[in-house]
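Chemist: Now for the letters of each chain:
There are 2 protein chains.
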Amino acid sequence: MNTEKSSTILLSNDDGVFSEGIKALINAMRPLGNIFVVAPDGGRSGMGCSVTSQIPVRAQLIQSEPNLTVYTCTGTPVDCIKLALGNLMPQKPDLIVAGINHGSNESINVHYSGTMGIAIEGALNKIPSIGFSLCNYSPEADFSQAAQYANIISRKILKMNFPAGICLNVNIPDIQHIKGIKICRQSNGVWSEEFEQRTDPHGFAYYWLTGTMQYPEKEYIDTDKYALANGYVSIVPCKIDVTAHEQIETFSRLFL
Amino acid sequence: MNTEKSSTILLSNDDGVFSEGIKALINAMRPLGNIFVVAPDGGRSGMGCSVTSQIPVRAQLIQSEPNLTVYTCTGTPVDCIKLALGNLMPQKPDLIVAGINHGSNESINVHYSGTMGIAIEGALNKIPSIGFSLCNYSPEADFSQAAQYANIISRKILKMNFPAGICLNVNIPDIQHIKGIKICRQSNGVWSEEFEQRTDPHGFAYYWLTGTMQYPEKEYIDTDKYALANGYVSIVPCKIDVTAHEQIETFSRLFL
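Residue numbers (the numbering used here), protein chains in the order written: chain B, 67 to 322; chain X, 67 to 322.
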């Protein structure tokens, strides 16, 4: 028996079920097993781990063929995973993969990323989970090389004894010759000039989210930022326990 | 000069600018200095660190008096903080406080909580930040005791040299006699049975987010869950660097 072939893999993303990135990821995963997709019905960028609590959500089966089931969902990326695991899938998946995201999720973007929201939700459910992002925001981005890396990385993860309480944030540079894969820490980025003020035809202000990312660190050779800038795929293992354990003593003294 | 009186404090929440929790928090903070509020125009529960990228957001000044400025905003809790820091406030605040949330944000809810999204956004901007939540989901919840703790904790935080890269997740039990404050780690909760399926009048399925939290840990005396269950206010210091540093070697070997 080919154990790879028997894997069940859940896919989602935050760019929507009809995006090029998820099509590339589906193609990359199909040789690995039975593919189950639950993805938003449109773009849900920057939604992090958000869930829909004030209105109900719906899901619709849009494709069903041997080893490939595709649902579209009106909710957030994390809603898609919760609905897949609790309501739609006949069995628990062996792996959850998200993406391939149109644009980088390096550094602190792990907090805002719907792609990484999916991976965090997978980790919270004790399932090996990976978010894949291509460092290219263009609608014409070519996902073929990123898809190859998604396949290589997912194969390895399916074979390993994946540690509990973590997920992987994988970013793939958009260059011709990738040098390899580096395991990194999250770099210290800072967003600046984020909301651009404009004036509507009636004279009132409104604001568009935009901004640029700054990297204040000088010593950053072990970061995702450095790996990507130097031609490597970056993989950051991310914890779901966000406790600053090293600060417990400081605050315990403060509140004695 | 009274240094406390000269503090500038930014407030926001995820229950909306007209909720009882933020009114209690404004009252608790007013003795500490100059208060600047930018809060959503309605409920934004479960929005985590999400940002609004596909439509513009607006803000409206609804109250302006000595030492108290209040804006309402059409965006997410994190949008409110970004807009406050980048566009609306004349100066950087000394402290950011979120809440008081209607309901607990203990354990893994840090990932879904808009209240904690605010605190994480503050930490990303290198500002001491605290999310306050009352463990009572009732619309009639009494925030007065929680507000007293918010005042006590914020006073201490304003006086200390707050560590970089962290924020605080404070949960306050809804009991008459609180025993004190405990600094804790995040407990390992797991949500189960999250989406409840219903059928609409036309025969189609839809799903409401609900569910219950399970706590699988046996040894949990050092967790927020334990502190709250035993009559203490819990404070979890939370990191914005989510790298699982202890896993870097394992994955480096895997991808050699």
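Treat the hints as calculated values from the structure; they're not laboratory data.
Even glycine gets a Cβ: it sits at the ideal position worked out from N, Cα and C.
Incorrect hints may have been included.
Calculated cross-link-like contacts (lysine-lysine; reagent style DSBU-like; alpha-carbon spacing at most 35 Å) [stated by the list, open to error]:
| no. | chain 1 | residue 1 | chain 2 | residue 2 |
| --- | --- | --- | --- | --- |
| 1 | X | Lys158 | B | Lys192 |
| 2 | B | Lys225 | X | Lys284 |
| 3 | B | Lys192 | X | Lys192 |
| 4 | B | Lys284 | X | Lys225 |
| 5 | X | Lys284 | B | Lys284 |
| 6 | X | Lys284 | B | Lys222 |
| 7 | X | Lys284 | B | Lys158 |
| 8 | X | Lys284 | B | Lys192 |
| 9 | B | Lys222 | X | Lys158 |
Facing chain B, a subset of chain X residues (Cβ under 7 Å, in silico) [as the list claims (entries may be wrong)]:
| no. | residue |
| --- | --- |
| 10 | Asn153 |
| 11 | Lys225 |
| 12 | Pro229 |
| 13 | Glu283 |
Chemist: Taking the hints in turn, state whether each one holds.
Modeler: Quick rundown of the hints versus the structure:
no. : hint                : verdict
1   : X:Lys158 / B:Lys192 : 40 Å, violated
2   : B:Lys225 / X:Lys284 : 30 Å, holds
3   : B:Lys192 / X:Lys192 : 32 Å, holds
4   : B:Lys284 / X:Lys225 : 30 Å, holds
5   : X:Lys284 / B:Lys284 : 43 Å, violated
6   : X:Lys284 / B:Lys222 : 32 Å, holds
7   : X:Lys284 / B:Lys158 : 25 Å, holds
8   : X:Lys284 / B:Lys192 : 17 Å, holds
9   : B:Lys222 / X:Lys158 : 46 Å, violated
10  : Asn153              : 5 Å, holds
11  : Lys225              : 9 Å, violated
12  : Pro229              : 6 Å, holds
13  : Glu283              : 11 Å, violated
Taken one by one, the earlier hints fail for this structure at numbers 1, 5, 9, 11, 13, listed in ascending order.
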